[in-house]
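For the record, the sequence lines run as chains A and B. In this text, residue positions in the first sequence follow my numbering: the first is 1, and each later residue adds one. In this text, residue positions in the second sequence follow my numbering: the first is 1, and each later residue adds one.
It should be emphasised that the hints constitute simulated quantities derived from the structure, not laboratory data. Predicted model only: the values in this text are computed from it and were never measured. Please note: incorrect hints may appear among the correct ones.
Said to hold, decoys possible - Derived pair list, reagent style EDC-like, types lysine to aspartate or glutamate, alpha-carbon separation capped at 20 Å:
| id | chain 1 | residue 1 | chain 2 | residue 2 |
| --- | --- | --- | --- | --- |
| 1 | A | K347 | B | E235 |
| 2 | A | K217 | A | D304 |
| 3 | B | K156 | A | D83 |
| 4 | B | K227 | A | D383 |
| 5 | A | K347 | B | D150 |
To be verified - A short list of chain B residues far from chain A (calculated; beta carbon distances all over 10 Å):
| id | residue |
| --- | --- |
| 6 | R5 |
| 7 | I16 |
| 8 | L101 |
| 9 | P108 |
| 10 | R109 |
| 11 | Q162 |
| 12 | S180 |
| 13 | A190 |
| 14 | S234 |
Claimed, not checked - Partial list, computed: chain B residues near chain A (C-beta under 8 Å):
| id | residue |
| --- | --- |
| 15 | H59 |
| 16 | L96 |
| 17 | S99 |
| 18 | G100 |
| 19 | T113 |
| 20 | A116 |
| 21 | T125 |
| 22 | C132 |
| 23 | R155 |
| 24 | C228 |
Ideal Cβ positions, reconstructed from N, Cα and C, are used throughout, including at glycine.
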Amino acid sequence: MHPTVVVAKQNNALQIYALDDFAARSGLEIGLPLANARAICPELTVFDADPVADARTLGDIADWCDRFTPLVALDPPHGLYLDITGCAHLFGGERALLQTLCGALTRRGFVVSADIAGTSICARTMTRHVSGKIIADGEEAGAVGPLPVSALGADVAITSGLRRAGLKTIGDVDARARHEITARFGANFTTLLEHALGQGDAPISPRKPLPDYIVEKRFPEPVATDTVIAMNLSALAGMLVTAMDKQGKGARRLEASFFRTDGAVRNITVDTGRPVTRPEVIDRLFRERLDALNDPLDPGFGFDLIRLSASRTEIVVQQQRDLDANVHDNDELAALIDRIAARIGGKRVVVHLPQDTHIPERAVLAVSAQHHLAAATEAAWPDRIASEPPLRPLRLFERPEPINVPFASVPDGPPHQFTWRRVTHAVVRVEGPERIAMEWWKQNGEALTRDYFRIEDAEGLRFWIFRDGLYEGELRSDEEGEPVLPKWFVHGLFA
Amino acid sequence: MTGARLNTLARLRGRIERIEAGADTHALHKVALGHAEADATLCGGLARAAVHEVFAEGHQGAAATGFIAGLAGRVTSRRPLVWVRQDFSEIESGALSMSGLAELGLDPRLLVTVRAADADAALRTAADALACDALGAVVLEVWGEPRQLDLVASRKLTLAAQASGVTALLLRLAATPQPSTAETRWIVRAAHSPPSAPWHAWGAPVFDAELVRNRHGPVGRWIMEWKCDECLFSEPAANSQPVAATPAHRPHQAAAQSVFRRSA
Numbered sequence: 001m002h003p004t005v006v007v008a009k010q011n012n013a014l015q016i017y018a019l020d021d022f023a024a025r026s027g028l029e030i031g032l033p034l035a036n037a038r039a040i041c042p043e044l045t046v047f048d049a050d051p052v053a054d055a056r057t058l059g060d061i062a063d064w065c066d067r068f069t070p071l072v073a074l075d076p077p078h079g080l081y082l083d084i085t086g087c088a089h090l091f092g093g094e095r096a097l098l099q100t101l102c103g104a105l106t107r108r109g110f111v112v113s114a115d116i117a118g119t120s121i122c123a124r125t126m127t128r129h130v131s132g133k134i135i136a137d138g139e140e141a142g143a144v145g146p147l148p149v150s151a152l153g154a155d156v157a158i159t160s161g162l163r164r165a166g167l168k169t170i171g172d173v174d175a176r177a178r179h180e181i182t183a184r185f186g187a188n189f190t191t192l193l194e195h196a197l198g199q200g201d202a203p204i205s206p207r208k209p210l211p212d213y214i215v216e217k218r219f220p221e222p223v224a225t226d227t228v229i230a231m232n233l234s235a236l237a238g239m240l241v242t243a244m245d246k247q248g249k250g251a252r253r254l255e256a257s258f259f260r261t262d263g264a265v266r267n268i269t270v271d272t273g274r275p276v277t278r279p280e281v282i283d284r285l286f287r288e289r290l291d292a293l294n295d296p297l298d299p300g301f302g303f304d305l306i307r308l309s310a311s312r313t314e315i316v317v318q319q320q321r322d323l324d325a326n327v328h329d330n331d332e333l334a335a336l337i338d339r340i341a342a343r344i345g346g347k348r349v350v351v352h353l354p355q356d357t358h359i360p361e362r363a364v365l366a367v368s369a370q371h372h373l374a375a376a377t378e379a380a381w382p383d384r385i386a387s388e389p390p391l392r393p394l395r396l397f398e399r400p401e402p403i404n405v406p407f408a409s410v411p412d413g414p415p416h417q418f419t420w421r422r423v424t425h426a427v428v429r430v431e432g433p434e435r436i437a438m439e440w441w442k443q444n445g446e447a448l449t450r451d452y453f454r455i456e457d458a459e460g461l462r463f464w465i466f467r468d469g470l471y472e473g474e475l476r477s478d479e480e481g482e483p484v485l486p487k488w489f490v491h492g493l494f495a
Numbered sequence: 001m002t003g004a005r006l007n008t009l010a011r012l013r014g015r016i017e018r019i020e021a022g023a024d025t026h027a028l029h030k031v032a033l034g035h036a037e038a039d040a041t042l043c044g045g046l047a048r049a050a051v052h053e054v055f056a057e058g059h060q061g062a063a064a065t066g067f068i069a070g071l072a073g074r075v076t077s078r079r080p081l082v083w084v085r086q087d088f089s090e091i092e093s094g095a096l097s098m099s100g101l102a103e104l105g106l107d108p109r110l111l112v113t114v115r116a117a118d119a120d121a122a123l124r125t126a127a128d129a130l131a132c133d134a135l136g137a138v139v140l141e142v143w144g145e146p147r148q149l150d151l152v153a154s155r156k157l158t159l160a161a162q163a164s165g166v167t168a169l170l171l172r173l174a175a176t177p178q179p180s181t182a183e184t185r186w187i188v189r190a191a192h193s194p195p196s197a198p199w200h201a202w203g204a205p206v207f208d209a210e211l212v213r214n215r216h217g218p219v220g221r222w223i224m225e226w227k228c229d230e231c232l233f234s235e236p237a238a239n240s241q242p243v244a245a246t247p248a249h250r251p252h253q254a255a256a257q258s259v260f261r262r263s264a
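Pulled out of the complex, with its shape left as it was, chain A reads as follows (with noise of 0.2 Å):
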């Protein structure tokens, strides 16, 4: 075996970034420039450091963490805290927990040190130096006081300045006065200090916020057909909603975690309009979500644990249903949204609701229907005015569209012809113009008033055409002194 090191370019030259226990014994170490080590090592294999790749893969392994408590933090670049309050005995103890862990990262290829403390603080101190370890509560001191200063892990400043002061252990370090630490170097490390030594605990900022209910189903034979994970999916809903049922909750946001014996983990996310609380609906708002995956969940050699969690959820008002149907059709109509959302996506399924405002493109707001159902079939719209014909078109492009106008007979006036799409159309009838200008407390670009007109083609097609400026005022000339000509745009048909 030859000895491996990762490099990265650090002050301009190429210096150690990690390396392997071979190269650790050839006397390498980390921020040596790769000119020594060569030196040191001929035979040493190098690779560039890949940042990115390296909080990818941390990630993933934290996915991967997720089996045994939700609770997984990040300390990059490549520690993890994992907060095991109340899940140890889901997994035979503390002892039996860690030899899993640790017993599976390796047969992934990973060196793996992990300790478990009262204090996470205590415990990433513990995984510089020694692996496997089980500090009870009230040992810390004990057990972190032997360590070198430099397995706080605190700045480098700071670890040299204890080493010249001749504190080599954190030992030494507790046996000083507080206050002279803290005047020295600052209340941060003090409180770093008591936290290792387990007199007092951060929290950790876990990745994912904590579900209200998880259920979950562990497989001593990894599960891979699809029939079968479809029950046990079911089997969990059931159970999930037995569990929010006690306390009168129905779930907004549901998460599918799928943990394959490889290590990858998959999660599915589905939203809902309103609280759900019957497993049928769970189950087929998954059905439609997993059919209509781009990439379809891979089982792989198979899953060994699915969960079903409840990362939001609603306490449920229970409705007098049979005397009112409206409420129920609305229900029924709710679910076919959530239906249709969970398959194509949220942002598919709209529902509008009208602005306050006399910009065409901007009078309506289309918003996600799952959020605002409610809102949009109790928004006023202003009421058309009786015995006119449609004012408004009945299709409007998002951005009007230019057209070709020869010339129209009065500067201000309408055209006679145009062109748009690569067809002539002669107008027929005109009504117009109808003035609208723009809000000039919005806009901070220019925007030009427009001049609407009505159209009728001499098929029959009717237009919504607007000239882009006025001619007094708001059109400019060019350098050569010529009046720049106005801009025509069709912005709507009419039926």
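Dock chain B against the given chain A, drawing on the hints supplied.
Quick look at chain B alone, frame taken from chain A:
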């Protein structure tokens, strides 16, 4: 004749026909369009719980949209409407405007729009929506002739519509009619606004609607005007210029006449 009376008349006609036809279940659940001749041809109106297709050339998209919105307005009767459309259709002929829909007399509050990426997703969503009996109607707007929309797909939609009682309306833009299981099939073009006096507002939606397939009756071609206020189709006003009523038709004269008739 006002729209409401026309409507009543058409409904009564439909009822009589139902009594006469007896076992003919297709006469059930029909909604009068308001256009007398068309209603007569359709034996009472547009059938609910069936598939209706509206075809139009690409540049006639807005007219066809107006026509299908009218049909949807007739059949939904204050129930939600789901409008499924392809992204491409929006680029080609513009997005459905809620202001425009409100101007036609329909209620934007009852509309849920589904923006499907492609024909496959649109078709699947429409079939899904058709199974939900809380809806009044489902509009499926498809651009061009996707191969997914074949006889099998059409049959599936028909079955779903029959099972739930929801009406399926297919808006086929830039497509030519092909065999399908639709109850009716229309080809729609825009027609000129009726002639009017210069001071009079023009621009009421007028359609040249050609019924090219009717499973249970003859076909026809009519000019239909959509009455935005009454939410109803009707014959276009032959001459919408205001004409002074003849003395016999003035209200007080008419009243006197009826008194006279009663005494006679």
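So, going through the hints one by one against the coordinates:
1. Straight-line distance between C-alpha atoms of A:K347 and B:E235 comes to about 41 Å, which puts the hinted pair past the 20 Å bound.
2. At most 20 Å may separate the alpha-carbon atoms for a hinted pair to count; A:K217 and A:D304 meet this at roughly 8 Å.
3. This hinted pair does not check out: B:K156 and A:D83 have alpha carbons roughly 53 Å apart, beyond 20 Å.
4. For the hint linking B:K227 to A:D383, the alpha-carbon distance of about 16 Å falls within 20 Å, and the restraint holds.
5. A C-alpha spacing of about 28 Å is found between A:K347 and B:D150, which places the hinted pair above 20 Å, so the restraint is violated.
6. At the 10 Å boundary, the C-beta of B:R5 stays outside the reach of chain A, the nearest C-beta of that chain being 18 Å off.
7. Chain A leaves B:I16 outside its interface by the beta-carbon criterion, the shortest separation being 30 Å against a cut-off of 10 Å.
8. Some Cβ of chain A comes within 10 Å of the Cβ of B:L101; the nearest lies about 7 Å off, and the non-interface call is violated.
9. Consistency note on B:P108: stated as away from chain A, yet its beta-carbon is not over 10 Å from all of that chain's, at 5 Å minimum.
10. Consistency note on B:R109: stated as away from chain A, yet its beta-carbon is not over 10 Å from all of that chain's, at 5 Å minimum.
11. Interface exclusion of B:Q162 from chain A stands, the closest Cβ pair being 18 Å apart, more than 10 Å.
12. With a cut of 10 Å on Cβ distances, B:S180 stays outside the contact zone with chain A, its closest approach being about 24 Å.
13. The Cβ of B:A190 does not lie farther than 10 Å from every Cβ of chain A; its closest approach is about 4 Å, which violates its non-interface assignment.
14. Non-interface status of B:S234 relative to chain A is upheld: no Cβ of that chain comes within 10 Å, the nearest being about 14 Å off.
15. Of the supplied interface hints, the one on B:H59 holds, with its beta-carbon coming within about 7 Å of a beta-carbon of chain A, less than 8 Å.
16. At its closest, the beta carbon of B:L96 sits 6 Å from a beta carbon of chain A; the interface hint therefore holds under the 8 Å criterion.
17. The restraint placing B:S99 at the interface with chain A holds, with a minimum CB-CB distance near 4 Å, inside the 8 Å limit.
18. With a cut of 8 Å, the hint placing B:G100 at the interface with chain A holds, because the nearest CB-to-CB distance is about 4 Å.
19. Restraint check, B:T113 versus chain A: the minimum CB separation of about 5 Å is within 8 Å; hint holds.
20. At a threshold of 8 Å, the smallest CB-CB gap from B:A116 to chain A is about 6 Å, leaving the interface hint in force.
21. Hint status for B:T125 relative to chain A: holds, with the closest Cβ pair at about 5 Å, below 8 Å.
22. Here the hint on B:C132 is kept, as its CB sits about 4 Å from the closest CB of chain A, short of 8 Å.
23. Checking B:R155 against chain A by beta carbon gives a least distance of about 21 Å; that is not within 8 Å, so the hint is violated.
24. Among the interface hints, the one on B:C228 holds; its C-beta lies about 6 Å from the nearest C-beta in chain A, closer than the 8 Å criterion.
Checked against the numbered hints above, the structure violates hints 1, 3, 5, 8, 9, 10, 13, 23; every other hint is satisfied.
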